[in-house]
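A.B. asks: Protein chains in written order, with the working numbering: chain A, 412 to 851; chain B, 412 to 851.
Calculated from the structure, these hints are not laboratory results.
One should not assume that every hint holds.
Identical copies go unnamed one by one, so any copy, or any two together, can satisfy a pair.
[Stated by the list, open to error] Pairs of lysine-lysine, DSS-like flavour, derived with a Cα cap of 25 Å: (1) 707 <-> 414; (2) 674 <-> 690; (3) 567 <-> 414; (4) 795 <-> 748; (5) 414 <-> 698; (6) 598 <-> 630; (7) 674 <-> 567; (8) 469 <-> 748; (9) 513 <-> 790; (10) 713 <-> 493; (11) 567 <-> 672; (12) 790 <-> 515; (13) 690 <-> 414.
Note that the structure is a prediction, hence the values are computed from the model and not measured.
Number of protein chains: 2
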Amino acid sequence: MIKASGERTIADLSIEELKTAEGTVTTHGVVYNVRDMGDFAFIILRKIGGLIQCFYEKTGSEEEKEFLRDEASVRVTGQIRKEERAVNGVEIAVEKVELLGKPKEELPLSINKYRLNIALENELGLRPVTLRNEQRRNVFKLQSALVEAFREYLGKNGFTEIMTPKIVASGAEGGANIFKLDYFGKKAYLAQSPQFYKQMLIPVYERVFEIAPVFRAEKHDTTRHLNEYIGVDFEMGFINSFYDVINMETGMIKYAMEFLKEKYPDVIKKLGIELPVVKDIPCVTFKDAKEMVAEKYNRKIKDPYDLEPEEERLIGELFKEDYDSDFVFVTHYPIKKRPFYAMDDPENEKYTLSFDLLFRGLEVTTGGQRIHDYDTQVKKMIFKGLYPEDFESYLMLHKYGCPPHGGLGMGLERFVMKLIDEKNIRATSMFPRDTTRLNP
Amino acid sequence: MIKASGERTIADLSIEELKTAEGTVTTHGVVYNVRDMGDFAFIILRKIGGLIQCFYEKTGSEEEKEFLRDEASVRVTGQIRKEERAVNGVEIAVEKVELLGKPKEELPLSINKYRLNIALENELGLRPVTLRNEQRRNVFKLQSALVEAFREYLGKNGFTEIMTPKIVASGAEGGANIFKLDYFGKKAYLAQSPQFYKQMLIPVYERVFEIAPVFRAEKHDTTRHLNEYIGVDFEMGFINSFYDVINMETGMIKYAMEFLKEKYPDVIKKLGIELPVVKDIPCVTFKDAKEMVAEKYNRKIKDPYDLEPEEERLIGELFKEDYDSDFVFVTHYPIKKRPFYAMDDPENEKYTLSFDLLFRGLEVTTGGQRIHDYDTQVKKMIFKGLYPEDFESYLMLHKYGCPPHGGLGMGLERFVMKLIDEKNIRATSMFPRDTTRLNP
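Next comes chain A alone, as it looks inside the complex (with noise of 0.2 Å):
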């Protein structure tokens, strides 16, 4: 009888045991370019984390022409050298090659640039091609290992990853950009965000996060809507103040850049971007904020209880050239702009206990205290014209008691946009779901 013991099964060397291997070497990989020279080709193998050199002595045979392709897939055999013009430093003289996975047809476009030459519409259709590029590997490696920092840093300061549910009875966010959808004859949504279900679990475990798709079915087609994204959410228990949850915020992105620097440094240098050095954030009143850019850029203030794009745009740039920082912490929104569960500022009526962060002029979090007394909670329902008895299950929070509490909501394509310098949000997004787009 077959056991599986879960010892390593595959032999063939990674790039990392390339790089210090001798002698003969077995190693597999997807053709991502031939460089043919005539009586020789270079065969450059796509393998995890990086590229290798394989120099191959052409013999004229029909065979050949299967794996000197892009996108075949090969097992290759040979004597590995040092060689410093190669990626990785390292290069395989070939002595035998197998043909794992041959393509049926040539691909629609050359992906073996760094650069892919093609329109991002065009583009997103193809996506199961495109993402074989090096650079758009890179692009969805740097959301990762932002993920794998956000959860890292969140552990380490006491917060327990919850998985709710995504459909669910009812919106948490309100308004109309809400999917509806038939559950066994009954009208169910598709969860906006884990908001109450973050909020139940604070007298469970003081902290909480989730990472994981939110629906927003926003009908307006902008460069910076996704009607399905990834929310990193966190919740914290036993807050001073709101302030507590932006120290959180500004710590666990100060962790994450300093991880990507450290882990991921190719990933970094090989996508051309700038981290941005996190410095302590700078916070500023919605109402200061919008001042200060009326008066820095000559603007007329329009609607007093709203940021324009444009406004957001220039409170980074203000907070850029005037704070040299890249973020900067917008607080204080008006009640009429944030959702029921918002705390009001009892030194102020008319807005919100509540901030968003916007990192190089984009709204990219949400956040602030949440209401955690049953009594408030209820009478704020009523003003925002919603029915208490509609909302029993999330007001058992507050009717068994719960700390003060607060939390947020990160668009993680959203920080990434600004991380990479990308114009439009769908290339942030592997497959991108817009009021067009249900596929790939």
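Following the hints, complete the assembly by docking chain B onto the known chain A.
C.D. replies: Showing chain B alone in chain A's frame:
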């Protein structure tokens, strides 16, 4: 201007800090239990990672009634002292109590006994309350710890974490058990698995994983089905056979059990569970397994192409008794029972190169080798009654080349269920979704 530094702003001590602190300390927590002894009371606080005991001399004040009460949120200051009889070995002799959050009503049931005295059916509607119970807290701590272990293992083995869309244009697993939704006037579905995406990303990263919600519109109400659950999915390229996948999973489970033992001994101990000792895991073919069970338990084989839940249970029992293993891989499932992407067994046309993992008699994982050749995949789709033109973007994977690959999907809740010996899978989801349950 306020600036956020990312340094700790909440000074209250954690349990770890209290254990070694001296003199006056301040900490916070939710009152989990009050043992009133007349002139004084023991207040047990629920905190991140455990409980802490406070010794409080009563004054008889009105104020005191507000915090000598389950589920009040408090900050206490006092002298820390060793107390061997107290949980965590220390006790705070309270000098000052600050009430931070007060319940509006008494709890609908007592939650501070280790075992809750309530039927699951009644409990689920009260989860915002019952999850505050220590045992419940440990169940979901175990869940998050498992996920942490799986991710760590997969990361060490070169897997890249991916985040793929849950709103999709077509189901990956076929059948009727798929939720439909209206997507801006178009028909869309909730992903039954990340199968297509995992495979598309094989030529990109070679090894990928995703731990995320999956949605199954199963109409039957059983103790082992949820309509939304957490799928632990991985997919790996350049396999020699599906035994490489089996072997990777074996390694992952071994790693996770060691991880739990080392990092979460308290959770394991409190849950009173016996972690399985994972030795090498036996693999048995579907056909052999059926015959072994028929012989040993003197049963007739009714359907040679399917396993009944009772047969799965008996396979588990047999392998526990005869091979001393809590796990068994059942391999080579019939073509009928496997989806169109499963690779057929070249040695027996009725079967596929696939497997299930049974854990203590329950299927917790389904996996196998996938078809990587374009023509073979198209042919199999047609054989299965599907239209290849409906799978254009998925088939780009095969058309433009990919290596031999395989992978699996594990149901996280099922794994936890067997680990903690729960009879109903609903107990292992914080907020389960079944055919009648959408709330909380």
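A.B. asks: Against each hint, give a clear statement of whether it holds in the structure.
C.D. replies: Quick rundown of the hints versus the structure:
1. 707 <-> 414: Only across copies: residue 707 and residue 414 sit 21 Å apart there, 72 Å inside one copy, limit 25 Å.
2. 674 <-> 690: Within one copy only: 20 Å inside a chain, 33 Å across chains, cut-off 25 Å.
3. 567 <-> 414: between (38 Å within a copy, 23 Å between copies)
4. 795 <-> 748: within (11 Å within a copy, 52 Å between copies)
5. 414 <-> 698: Classified as between: cross-chain Cα gap 17 Å, same-chain 67 Å, threshold 25 Å.
6. 598 <-> 630: both (21 Å within a copy, 16 Å between copies)
7. 674 <-> 567: Both ways: residue 674 and residue 567 sit 17 Å apart in one copy and 13 Å across, limit 25 Å.
8. 469 <-> 748: Cα proximity of residue 469 and residue 748: none, with 68 Å in one copy and 46 Å across.
9. 513 <-> 790: between (65 Å within a copy, 17 Å between copies)
10. 713 <-> 493: neither (65 Å within a copy, 63 Å between copies)
11. 567 <-> 672: Answer is both; intra-copy 19 Å and inter-copy 19 Å each pass.
12. 790 <-> 515: Result: close only across copies, 14 Å inter versus 65 Å intra.
13. 690 <-> 414: between (54 Å within a copy, 9 Å between copies)
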